[in-house]
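> Per my numbering, the very first residue in the sequence shown carries number 12; after that it's consecutive.
These are calculated hints, taken from the structure and not from any lab test.
Careful: at least some of the hints might be erroneous.
[What the hints assert, rightly or not] Taking lysine to aspartate or glutamate pairs in the EDC-like style, the calculated list, with each CA pair at most 20 Å apart, reads:
id, residue 1, residue 2
1, LYS173, ASP206
2, LYS173, ASP137
3, LYS263, GLU56
4, LYS82, ASP115
5, LYS82, ASP36
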Amino acid sequence: MRTQLPLEVYSAGIQVSRGTGGHMDRYMGCFDLLFVRRGMLPIQEENQAFQVVAGQTLLLWPHRHHWGTGKFSDDMVLYWLHFDVAQTGQLPPSKQFQIEEKVDVPQYATVTRPDVLESYFRRFLDDQATGCLQPHSASLLVNLMLCEIARPPVEQVGTGQKAVLAGQALAYIRAHLHMSLTASFVAEQMGYQGDYLNRVFQQTYHHTLTHEIHLSRMGYARWLLLHSSQSIKEIALSCGFSDANYFARLFKRYEGVTAVNFRRLHAQAEVNYD
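Go ahead and model the full structure; you've got the sequences and the hints to work with.
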């Protein structure tokens, strides 16, 4: 099967700020995708100013003047990516970028799942650093990034009493990931019967409390693997697992790769310091 690549991808990297620099003043002949993972980026494109904060993306357009309007925050971590669309022709006046006329990517967005978007950047950067990045796989990864940016917010769960209760249960889980959590323990701490709270939670979020505990723990584990120097055993304890082997099995079941290989896969990147 032969396919034509929809995107031409050039390069990507990470900008880590020490609070001394700012974004350069320039015109570019391609799209410049910026994803702020931590801190804040002050920037302007033509007549539109932006303050891009953690968890947000900005898509700068080709042949438009952009420049930094201030210094990077001293804790800023920014992923950047340069790419173009094959045979773009005349740029549309809208600030919506379209992939094959099916997915609308907003120019400025708050990402629904920033950890997922970061994982795509990390995969891209690892393949780029090791020389394994091929045009087709690069195009597919960037398409995944753009689709993730375009992903709509999680469906509103409402403001009724049951939805509020489910939200409180979710908040409790995420605030106590270091503890040995079970669905019955969460219900007991919140003063409800386990079956009732689980039913309310499932009606609201479409999965069980137990599944949410696993999902939240895996999300925290991914973050620790990428951003800490903790050992696998220490990460297991931080995520509420007394048995590191059980944590390792569960991580592989949810992520499709071992924790060690996940960390190794995302270890390499082109890093710029300012």
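> Now tell me if each hint is right for this structure.
Right, here's what the structure says about each hint:
1. LYS173 x ASP206: Holds: LYS173 and ASP206 sit about 14 Å apart, inside 20 Å.
2. LYS173 x ASP137: violated (44 Å)
3. LYS263 x GLU56: Violated, at about 43 Å.
4. LYS82 x ASP115: violated (31 Å)
5. LYS82 x ASP36: Given that 20 Å is the threshold and the Cα spacing comes to 13 Å, the pair holds.
Violated hints, in rising order: 2, 3, 4; the structure is consistent with all others.
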